[in-house]
Every structure is written in C-alpha cells, then in structure tokens.
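Asks: As they're listed, the protein sequences go chains A and B. To convert a position in the first sequence, counted from 1, into our numbering, add 6. To convert a position in the second sequence, counted from 1, into our numbering, add 6.
Hints listed in this document are in silico derivations from the structure and should not be mistaken for laboratory results. Keep in mind the model is a prediction, meaning the values are calculated, not measured. Honestly, I wouldn't trust all of these hints.
Intra- or inter-copy, both count: the list cannot distinguish identical chains.
Derived pair list, reagent style EDC-like, types lysine to aspartate or glutamate, alpha-carbon separation capped at 16 Å [as the list claims (entries may be wrong)]:
1) K16 with E66
2) K155 with D19
3) K133 with E52
4) K16 with D57
5) K133 with E94
6) K25 with E41
7) K133 with D68
8) K16 with E109
9) K155 with D132
10) K16 with E52
11) K25 with E66
12) K16 with E53
13) K133 with E41
14) K133 with D57
15) K133 with D30
16) K155 with E94
17) K25 with E42
18) K25 with D101
19) K16 with D30
20) K155 with D29
2 protein chains.
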Amino acid sequence: MPSLTFRHAKATDLPSLLKLLADDAIAQSRTGYTEEVGPAIQTAFEEITADPNNELIVGEQDGQVVATLQLTYIPGLGRGGLRRALVEAVRVRSDLRGQRIGEALMVDAMERARARGCGLIQLTTDKRRHEAQRFYARLGFVASHEGMKRPL
Amino acid sequence: MPSLTFRHAKATDLPSLLKLLADDAIAQSRTGYTEEVGPAIQTAFEEITADPNNELIVGEQDGQVVATLQLTYIPGLGRGGLRRALVEAVRVRSDLRGQRIGEALMVDAMERARARGCGLIQLTTDKRRHEAQRFYARLGFVASHEGMKRPL
Chain A
7 MPSLTFRHAK
17 ATDLPSLLKL
27 LADDAIAQSR
37 TGYTEEVGPA
47 IQTAFEEITA
57 DPNNELIVGE
67 QDGQVVATLQ
77 LTYIPGLGRG
87 GLRRALVEAV
97 RVRSDLRGQR
107 IGEALMVDAM
117 ERARARGCGL
127 IQLTTDKRRH
137 EAQRFYARLG
147 FVASHEGMKR
157 PL
Chain B
7 MPSLTFRHAK
17 ATDLPSLLKL
27 LADDAIAQSR
37 TGYTEEVGPA
47 IQTAFEEITA
57 DPNNELIVGE
67 QDGQVVATLQ
77 LTYIPGLGRG
87 GLRRALVEAV
97 RVRSDLRGQR
107 IGEALMVDAM
117 ERARARGCGL
127 IQLTTDKRRH
137 EAQRFYARLG
147 FVASHEGMKR
157 PL
C-alpha cells in the first residue's frame, strides 16, 4: 500500500474535499448538497480552521486526497467533566475502499482525540449505512444511542 | 405554571447542575459520574463558557435551577456548508416532569441554534430512554441515525 498520511486540510484541498463528500448517494440526496466551492463553503472552512476545537483531517496518498473526517472536541460537565470528540463527515474515496484506509483514518482520529484529553469518541451514522455500522463496530464503537436530527 | 426563564449557566449554578445531571439512573450507572464540583468539573465549566461555540443553558423557575442542556455549534463543509447544533446533557428535574419544561427548554435551544445560523439540530439519546425518544419525535426530531460511541 502506498504511504498514507493524515494532516489538517488546507484551503487548496476544498475542491477535492467537496468531491469526496459528494461521492456518496445518501449525501447527494440531501438538501443543499453542492460540489461548488461557494462563499458558504469558504466561510465554513474558515470557521473550522479558526476554531481550536475543530479539526478537518485529510488523508493523503500519492499526493491525492483520498479520505477525510472532521473532529470536534466538546467539553462537558457529565461523567465527571469528561471531554468528548465528535466525528462528522467521514469519507474514503469510493474506488479505494477495502484497503483499510478508513481504519487508518479512524485510528488517527482516535489518537488525536486521546491527545486532546477526550475520554469518549462518538458519531452518528445514517441507519441505511449498514456497512459503515459494521466498520465502526469492528473499531469498538457501540450503537447504544439513537441519533436524532431535525432541520431548523 | 410559574414563569420559566432560560439563561447561560454561572459558576454558582454548578452544584445544582451536577445534582440535575446525576438525577438519572442511566447517567449514574456511567463511569466517572460525580456530584462533587472537583477540578475536572471546574475546568470543563471554564472551557464551555470560554468557547463561543458552546452554550450551557439553565432553566430557572422560582429562583431554582430546574432544567439544563448544552449546545455546541459546529461548522461543516457538508450540505453546502451547513452549520449544525449538537445538544448534549439534557435534563429536567425529575419531580417536575410532565409540565412541559423540557419542551420549553428544547424550543429555546432551537431558537438559539437558528439565531446562530444553524440549519440542523441533532442529539443522541440512549436507546433505553424510550420516553425521551417519543419526546424528541414530538418536537420534530427523526431517529434517522445510529448513535455510536466508544471509550478512549
């Protein structure tokens, strides 16, 4: 396997990142989906990178963006003041699946979360993504919660 | 119903907040649970209040803390750069349930999230909390996702 590295996203990654995020039937079916780097995307990117509690991670192989996820570190009073990490927008390039890139991406995320003092990592995954649920279960995640969402 | 108001938590609310968070069998069963305002709780509180993307909300009635929740605002590239709000640690004092305090608390949270430009609000709720799931469904939340967690 060619060497796979993980780093923070840069503004120049945005076109590749949007392509990755759109490389998914469920995501494409959602309102507001776009591959265009418009002002709302630019603003969101700037907010993510300016916020010390957010990290947008890029997996790179042979100079190409092949995977991504976003981490948010959240302080909380519960469980004795436990800090948690939330994972959002996990993607691996569809033609590269089955090569354990996703596993390496998630292991990297768990290391980052531990280094930030998190005692828990959590995510929600669309109930239609059965393969994703098996993948996360293999990594030690337990589907103990209902993930509930509401448009505003 | 005596008037119910919502505001940001203050350090002097911490003992009441921890009591509220502990007023729950599922929470009590979790590792690290404590009612004592120790240094980890103090640090978590300071981090929450210092972070412009976190709000710790307190519901007050007759000068007493009767409800709480935490909001985290998360910028993201998905769905056209949609900002989302995450809700954690929702509690209503157990002897005051059935008085629509929880509903007012969540309506207040949704208003705050909208005012912050969020297009989506989300939460995870323990699968054993059937009443909570019905409550959130009445407020328009859809259990479309699995909520998966892993200790670190």
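Asks: Can you give the numbers of the hints that this structure goes against, from lowest to highest?
Replies: 2, 3, 7, 8, 13, 14, 19 and 20
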